Amino acid sequence: LAAEGPPVATPAPGIASTFTTLLVSTEDNITTIRLNRPEKKNAITVEMYNELITALEQAGKDESVITVITGSGDFYCSGNDLTNFTKIPEAFIDFPKPLIAVVNGPAVGVSVTLLGLFDIVYATERATFHTPFSQLGQSPEGCSSYTFPKMMGLAKANEMLLFNKKLTATQACAQGLVTEVFPDSSFQSEVATRIKAYAKLPRNSLALSKQLICGMAKERLYAANDQEVERLVDRWQSDECMQAIMSFFQAKAKL
Amino acid sequence: LAAEGPPVATPAPGIASTFTTLLVSTEDNITTIRLNRPEKKNAITVEMYNELITALEQAGKDESVITVITGSGDFYCSGNDLTNFTKIPEAFIDFPKPLIAVVNGPAVGVSVTLLGLFDIVYATERATFHTPFSQLGQSPEGCSSYTFPKMMGLAKANEMLLFNKKLTATQACAQGLVTEVFPDSSFQSEVATRIKAYAKLPRNSLALSKQLICGMAKERLYAANDQEVERLVDRWQSDECMQAIMSFFQAKAKL
Amino acid sequence: LAAEGPPVATPAPGIASTFTTLLVSTEDNITTIRLNRPEKKNAITVEMYNELITALEQAGKDESVITVITGSGDFYCSGNDLTNFTKIPEAFIDFPKPLIAVVNGPAVGVSVTLLGLFDIVYATERATFHTPFSQLGQSPEGCSSYTFPKMMGLAKANEMLLFNKKLTATQACAQGLVTEVFPDSSFQSEVATRIKAYAKLPRNSLALSKQLICGMAKERLYAANDQEVERLVDRWQSDECMQAIMSFFQAKAKL
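Chains as they are written, first to last, in my numbering: chain A, 1 to 255; chain B, 1 to 255; chain C, 1 to 255.
Just so you know, these hints were derived from the structure itself, not from any lab.
Just so it is clear, the structure is predicted and the values come from calculations on it, not from any experiment.
In this list, chains with the same sequence are indistinguishable; a pair is considered to hold if it fits within one copy or across any two.
In silico lysine to any residue, SDA-like type, Cα no more than 25 Å apart, as pairs: (1) Lys97 to Pro132; (2) Lys165 to Glu125; (3) Lys61 to Gln237; (4) Lys61 to Lys200; (5) Lys165 to Ala192; (6) Lys200 to Gln188; (7) Lys97 to Lys166; (8) Lys87 to Glu47; (9) Lys166 to Asp74; (10) Lys218 to Ile93; (11) Lys166 to Pro183; (12) Lys200 to Glu190.
Generate the whole structure from the sequences, applying the supplied hints.
Encoded structure:
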């Protein structure tokens, strides 16, 4: 990992990461949570969900000013394995301090939809954003049924949420899903410079401002998440969903 | 019509269109509702309003996966004739499946504002978008007082809704009113290709996802429509509105 | 002032401005409120706040169709002096007619956040938009914690509201904060032409349409303002805020 440079440092002495699917470290007032299954493109497992919830709880309480989520290797995250994930969006909705996504490569599924709950989203130009819900017979999650139309309008949101359009980083930036796009060669260093500067700002001012900005939408976000999970659980039990998933993997197997 | 190519087919045998102002057909899981008064630039009459409500009700219940609204000839729609149209936005708010606008030419008035209630809006580069409410002494309708500011922010929405700015297709796309713009020469074929592909996606996944995405805003849309209609009925009875309309048509007559 | 050209005229006879920090005039159905402390970059004082509230009340009731706010000299407004300003956003939320900001130069702090409550925002290319809240240990005001994320999405709003990013006029226009940007050389004349044309539109149609468009968000705007003010009063009493302000001015003094 050392070769990838900032923003993630080797865990500082005394901050032993107790996670098996994540690398968590705190340095310079920045807590970095790194999805760490690079050989599986950081696909989210049940264990990773649970660890991510715990890591967010801990980061919310620790002394850091800024919290960063990123991925190990070439992918940001390839999504999840059809797991029930009611509680994951709530951990993001409730997170009390500035939360920054460092999208170091392609992002798929719930790792894309959850970006709508981050405060800042930095992306390498190599990143892509793909939510193939209907292709797999499913329905939107991660509060995206609320955050995406609010952010980009129905006409743009539905390209992604209904019709499986994969966005480039530049397109995602134009739609408001991404704050800024960087060349891949300088991505890690430019982003690290910014985040380090942010971490020196008055911590209470940042945390209280974030809570003010996000506070008014919280009830709607909880409601959106509840409705999405309910619908998705129904979907998973449907023949249509099962057949869509089988078709998808059969098509893949033929390649 | 044959020369215009897809996405509209000649009515399939057994699906006789019973409308006089619309052409409605279903093929390949796509129901297409075509405003069919090309000699009047598809201006909406009371009859067309009623037929449109009926056609949407039928399309909502039929076996199609995707529903498309488009216009015959060179215009999409030149708006309405000052008719009371309380129920038209409700037919769009309640439509249960993906609804796609194929804006084949200039759009005026309520045909523009209603675009905020579609799931996807494809436009030819030749299309324009014009809502000259204050010029005619009137006020916004079609839920645009709610959907336009939500989609593009007040500063952009008010250029259209207060100050009669006519947008090009490219401008409308930048503001989030239009999903994508196509060259006029390939518009019909490119759009038809996409819609056919969409119609093969799992139907329940699409319909349930659409309901999820649109569900949370429904109450606000009903409220916006009620307020808009109330205001507009007042406007129509005002001297100011009457004089603005007379001035408009007198200026036109001089040309 | 005469050299600056339109849209502001010398006060018409009989409309004597009774303000000491503002120049207010009405001509051609346009009331122009000009922040008039150019030697202080139009920084807002307690007196200016009170006069602005009064001027808006009067403009809301006078015979003008359009109301314009702009600044004297090279700056639009350099923000406020840490004054309690609960009532200023309410004067904007409640303003009953179209309100246009003519941003004639750089804008800072509350003069930027309040732009989210205008109906139209025209800016010279020379304008910049800066809300350095966390740098000064403070938190967002002017309803920006609600209007900015609604307008541009969280990922863009937080660059400004949390992390002090200064936007160019072009960037502000891309984010929906600004309606349109003009070259500095033709700014005043182009804007004056438009506003004069707007002022000839049916006045009731404009006022009632504006109320319709803004009405649904009013309760949320009041709530946002109340929360922002409560938070900000806390901030002002905090050591963190005091130290951030001292650091800021010490750094300035060293230059």
